[in-house]
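Both chains come to you apart, so use the hints to assemble them.
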Amino acid sequence: AQSVTQLGSHVSVSEGALVLLRCNYSSSVPPYLFWYVQYPNQGLQLLLKYTSAATLVKGINGFEAEFKKSETSFHLTKPSAHMSDAAEYFCAVSGEGYNFNKFYFGSGTKLNVKP
Amino acid sequence: DTGVSQDPRHKITKRGQNVTFRCDPISEHNRLYWYRQTLGQGPEFLTYFQNEAQLEKSRLLSDRFSAERPKGSFSTLEIQRTEQGDSAMYLCASSPHDYGKDNEKLFFGSGTQLSVL
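So the sequence lines, in the order shown, correspond to chains U and R.
The opening position of the first sequence corresponds to residue 307 in the numbering used here, with each subsequent residue numbered one higher.
The opening position of the second sequence corresponds to residue 1247 in the numbering used here, with each subsequent residue numbered one higher.
Treat the hints as calculated values from the structure; they're not laboratory data.
Mixed in with the good hints, there may be bad ones.
Pairs of lysine-lysine, DSS-like flavour, derived with a Cα cap of 25 Å [said to hold, decoys possible]: (1) R:Lys-1351 to U:Lys-355; (2) R:Lys-1351 to U:Lys-416; (3) U:Lys-375 to R:Lys-1351; (4) U:Lys-364 to R:Lys-1351; (5) U:Lys-375 to U:Lys-355; (6) R:Lys-1257 to R:Lys-1303.
Ranges of calculated distance between the beta carbons of each label pair, as one might list FRET restraints [to be verified]: (7) U:Glu-321 to R:Glu-1298: 47 to 53 Å; (8) U:Thr-361 to R:Pro-1316: 41 to 47 Å; (9) R:Glu-1290 to U:Leu-326: 38 to 44 Å; (10) U:Lys-375 to R:Glu-1302: 24 to 30 Å; (11) R:Leu-1363 to U:Leu-326: 38 to 44 Å; (12) R:Ala-1299 to U:Pro-336: 26 to 32 Å; (13) R:Ser-1304 to U:Glu-321: 36 to 42 Å; (14) U:Ala-323 to R:Thr-1266: 42 to 48 Å.
By construction, the Cβ of each residue, glycine as well, lies at the ideal position given by its N, Cα and C atoms.
Excised from the complex, chain R in its bound form (with noise of 0.2 Å):
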């Protein structure tokens, strides 16, 4: 168990380019969380998956981001036309969603801080 990784840790780009983060979850979890926090607030959701399929998105995810899970293994979030506002941590999340297995807890990465410029 190697835990949640993601990549890059740190993003820095220009405002209007399109950017992409990737999340590695624990190889048993099913579920999968995206989750933004800003200065001084707390994490916000922003989407899950179960398995490969995307089951809530928030109103946070305005229709610049969009999110994969594609085989029901690691997750990408891409970001186009970046705006300073989205400037944050975004960290990924995750659970087994299987009775008795921890299965209320979240595991988290260590998060991609995004700055735009």
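Excised from the complex, chain U in its bound form (with noise of 0.2 Å):
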């Protein structure tokens, strides 16, 4: 069965900090994994994906996420944190075979950045 666990369910880094957000997940197939960013009373940005070719992934805004299968790890850093960055970020792995975009997510990180 799919799952996601996302350690921390609040992170506070200040600005030029290093951000690290932790997503461990389940998967009985090869998933593919995502994370997302929602700010306030908005909908889900994608950051970036994993879909099996590189382990490091680099995506939107500086942030980049490794693929570690030994560890079922999919954590998602930025080397310097920016104010803007301030959001909540989920982690997300697909399902199996035919429902690959039916997506179970984590509970969430809410990464706050201080001046």
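Set out below in structure tokens:
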């Protein structure tokens, strides 16, 4: 069965500091993995996706994530946080077979960026 | 490509009333999904359509909920006899489901925020 666990519902960093948001997944098949960002009162916007090509995936706004099969992880990082990065971030894993774009989301991590 | 649009953005209703939400997917997308998101949680799958066919419904979707996509274009989600527990953000998403056309991605609308008083 597919599931995602995001460690830490709230993360706070200073502007310019490293951002690390953790995601571990469970999947019975080779997964597709995604990170989405949600700003207040808005829908979800895709940051990046892993679909079995390169294990280090680069996304928009300077974010990247590394797929580590041995650790069943897909952590999101950004070298230097910006105030505009403050938002909620969701990790998601795809469904199986024909339901490959039926996603299972984590509970989200709210990122706070301090000046 | 105008993106996925949802209407209304906000809906306030009294317990026991019926409400209906509309979703217009990206025009060439043939898969359409409904998710529900409550405060502090990630989106939870409710149901999805391939063209006009409803292929799966979550157990979260009680018999008070019904969704349609009559011509394989826009979709409606109706909640009958609303309860306070139905208060949530209802998100619609679409996907092309054709090989090589970003078919593994979901494109989300801005959602309809439902408040049941």
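Quick rundown of the hints versus the structure:
Distance hint between Lys-1351 (chain R) and Lys-355 (chain U) is fulfilled; the C-alpha atoms sit about 8 Å from each other, no more than 25 Å. Between Lys-1351 (chain R) and Lys-416 (chain U) the CA atoms are separated by roughly 22 Å; this keeps the pair inside 25 Å, and the hint holds. Only pairs whose Cα atoms come within 25 Å are accepted, and Lys-375 (chain U) paired with Lys-1351 (chain R) is accepted, the gap being roughly 21 Å. Pair hint Lys-364 (chain U) plus Lys-1351 (chain R) holds up; C-alpha atoms about 16 Å apart against a cutoff of 25 Å.
Distance check on the hinted pair: Lys-375 (chain U) and Lys-355 (chain U) sit about 15 Å apart at the alpha-carbon level, within 25 Å; holds. Between the alpha carbons of Lys-1257 (chain R) and Lys-1303 (chain R) the distance comes to roughly 23 Å, so the proposed pair stays at or under 25 Å and holds. In this structure the hint that Glu-321 (chain U) and Glu-1298 (chain R) lie 47 to 53 Å apart at CB holds, the actual value being about 49 Å. Against the hinted window of 41 to 47 Å, the Cβ-Cβ separation of Thr-361 (chain U) and Pro-1316 (chain R) comes to about 43 Å, which satisfies the hint.
Roughly 26 Å separates the CB atoms of Glu-1290 (chain R) and Leu-326 (chain U), a value that falls outside the hinted 38 to 44 Å. For Lys-375 (chain U) and Glu-1302 (chain R), the hinted distance range of 24 to 30 Å is satisfied, since their beta carbons lie about 28 Å from each other. A hinted range of 38 to 44 Å holds for the C-beta pair Leu-1363 (chain R) and Leu-326 (chain U), which are about 41 Å apart. Under the hint 26 to 32 Å, the C-beta atoms of Ala-1299 (chain R) and Pro-336 (chain U), about 27 Å apart, fit the expected range.
Against the hinted window of 36 to 42 Å, the Cβ-Cβ separation of Ser-1304 (chain R) and Glu-321 (chain U) comes to about 40 Å, which satisfies the hint. Checked against the hint of 42 to 48 Å, the pair Ala-323 (chain U) and Thr-1266 (chain R) passes, with Cβ atoms roughly 46 Å apart.
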